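Asker: Spelled out from the first residue to the last, the chains are:
Number of protein chains: 2
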Amino acid sequence: MAVKERKSVAPTLAWVGEVDGHLRIIDQTLLPAQFREIDLAEPEQVWEAIRALRVRGAPAIGVAAAYGVVLGLSDVATKDRSAVERRVAKVADYLATSRPTAVNLFWALDRMRNVVAAHPQLSASELVARMLEEARQIEQEDCEMCAAIGRHGAELLADGTGVLTHCNAGSLATAGDGTALSVIYAAVRQGKQLHVFVDETRPLLQGARLTSWELTQRGIPATLLCDSAAGWIMYEGRVQAVITGADRIAANGDAANKIGTYSVAVLAKEHKIPFYVAAPSSTFDLDLPDGNAIPIEERPESEVTEPFDRVTAPEGMRARNPAFDVTPAALITCLITEKGLIRPVNAANVRKVLGAAK
Amino acid sequence: MAVKERKSVAPTLAWVGEVDGHLRIIDQTLLPAQFREIDLAEPEQVWEAIRALRVRGAPAIGVAAAYGVVLGLSDVATKDRSAVERRVAKVADYLATSRPTAVNLFWALDRMRNVVAAHPQLSASELVARMLEEARQIEQEDCEMCAAIGRHGAELLADGTGVLTHCNAGSLATAGDGTALSVIYAAVRQGKQLHVFVDETRPLLQGARLTSWELTQRGIPATLLCDSAAGWIMYEGRVQAVITGADRIAANGDAANKIGTYSVAVLAKEHKIPFYVAAPSSTFDLDLPDGNAIPIEERPESEVTEPFDRVTAPEGMRARNPAFDVTPAALITCLITEKGLIRPVNAANVRKVLGAAK
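Protein sequences appear in the order of chains A and B.
Just so you know, we're using our numbering here: the first sequence kicks off at 1 and counts up by one.
Just so you know, we're using our numbering here: the second sequence kicks off at 1001 and counts up by one.
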């Protein structure tokens, strides 16, 4: 019996209106207890929403930032073109400071910047309209990217597979069906029975709050775990594949993703379980030779010592809170991109599948 | 500069009074936000305190259960001896149902049962007095055991070592200085500079709440981590040794301990970091050939889905919550017992160090 899949109740993010419109997002910090959409009308609100993880997931951050640039242009659309140009540069630079690790953020902002240079003939208002069109294209491409990743990746999951995932790389992390979860959704649509094991993903519990929410919305069988239980569940023989997303992938295939991903990859290796990373080509940063060059965001200690406003550590106790870690290419069985599968994972195969152009 | 060590403010558990006395424990579920001692006057209260983890840690559970038997005898001390004998059997059987994994519980209850057979000449009141003496002996031996484990283990930690620990195997887990933490405390007393990395230890955060509390009380430099960050901290090169406690160790050296210990052991292997398990001989269950025979307690799903009374998973989401996992002997560099070091870890060396008697 195929699992009946329900659609998510609202898109993770959507532009409302035309050039003078605004960005509507699901405030993911409130899920699953509260489902609330918030409207962002200023670049500063987009910056704060990205920093505070109201919108998160590398692809979704890119789309949000692109619309954020458009939000910064409303009061210069009627002025001269050079005012628009200066504003684009300023707002893009500003939004780039919201989070350091996900490269899709910088990629999307570069695309918005490039519109200016590519269309020297446009007036101020025409340029602003074209910027909105570019942001919409980024969003549309993101949806298509998710579908293509699902298509390419689904063949890797046999019927009856137990799949473990870490953090949330689903529809809440993209404008479409997600990256890692898109593979799962595509396999389920093919009629495969899967069981998803969801790492809760401390400190901010994106697995418990967001991935669990997506899976229960869609009626896909799933079990939530403390992160520390992943190894034991593998030892019990319940996991036949691991899939995660990524926030930045270096030229050699080393992949930065949510803290804990590296541990899961080591555990997968120990148990001879394939470890897959699903991400669009926009997540690759081919300027970086390997993962050592990827900047790792350190977030506030209080996310560890005061989880959800409850003090759990004694006064004076220090904490480390790296938001990401880097999984070396050698631990990744296959990278799943919208352009196809990259395996084995090495610099030559990354170049080959992504195309020399990039 | 040697670290100045402050003593813990109160013992983890202490008997107050004589045969008609009661057991006073620190309610560890309230730490570190509240330091509160509670008095237990009935076996039912001891059972609840063990089940609810107000008192926890394999050695401390054993001591608490021994005193719990004494609490069950207050109303039969003036009766005939057979009433005492029947009550001992009944209360010991009852307390054995409080938690399934830590073997020290059963070991301590057996010692209390054996007092009855070993002293057929005693009257009812004399037997009750002897039972209290036995419980006190178990407590005293536990203190000496902790000191001996610290003595044997300290040689394994060089000056300047970064030590990672999981859960709490400290003074709060024993009547003395702890097992894993006793090794750290002994090394610090020798003037060695250590830095302790503390896994927070979801779901119940014994690392964040209890180990952090002990270390800050004693002024030992320490850093708290989400469990999922342990692998990355090792990758960064900050950890040169891992030490944990154990709740039950099979004849071949396979060791059950808090969920997540197995993952840490696999990560230690990947990073070529020695992995030590510190536990008294009472934690060994030589009747079990290997770890497959150790029963693993499954605790309520709500500890995962509603951490600290905050709902973090959507309605209908299922969870797994094994309280323990088993680390195979092959992943353990050395077992640290009060009778000496067991290395390499195998059945022959376990027998040799513990002595054939057991």
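Don't read these hints as lab results, they were simulated from the structure.
Just to be clear, a hint being listed does not mean it is correct.
In silico lysine-lysine, BS3-like type, Cα no more than 25 Å apart, as pairs [claimed, not checked]: (1) B:K1352 - A:K272; (2) A:K272 - B:K1269; (3) A:K352 - A:K339; (4) B:K1272 - B:K1192; (5) A:K269 - B:K1269; (6) B:K1079 - B:K1090; (7) B:K1339 - A:K269; (8) B:K1352 - B:K1339; (9) A:K192 - A:K339; (10) B:K1339 - B:K1192; (11) A:K192 - A:K79.
In this text the structure is predicted, and so the values were computed from the model without any measurement.
Asker: Hints first: check each against the structure and report whether it holds.
Answerer: Hint-by-hint comparison with the structure:
no. : hint              : result
1   : B:K1352 - A:K272  : 35 Å, violated
2   : A:K272 - B:K1269  : 15 Å, holds
3   : A:K352 - A:K339   : 10 Å, holds
4   : B:K1272 - B:K1192 : 22 Å, holds
5   : A:K269 - B:K1269  : 12 Å, holds
6   : B:K1079 - B:K1090 : 16 Å, holds
7   : B:K1339 - A:K269  : 36 Å, violated
8   : B:K1352 - B:K1339 : 10 Å, holds
9   : A:K192 - A:K339   : 23 Å, holds
10  : B:K1339 - B:K1192 : 23 Å, holds
11  : A:K192 - A:K79    : 56 Å, violated
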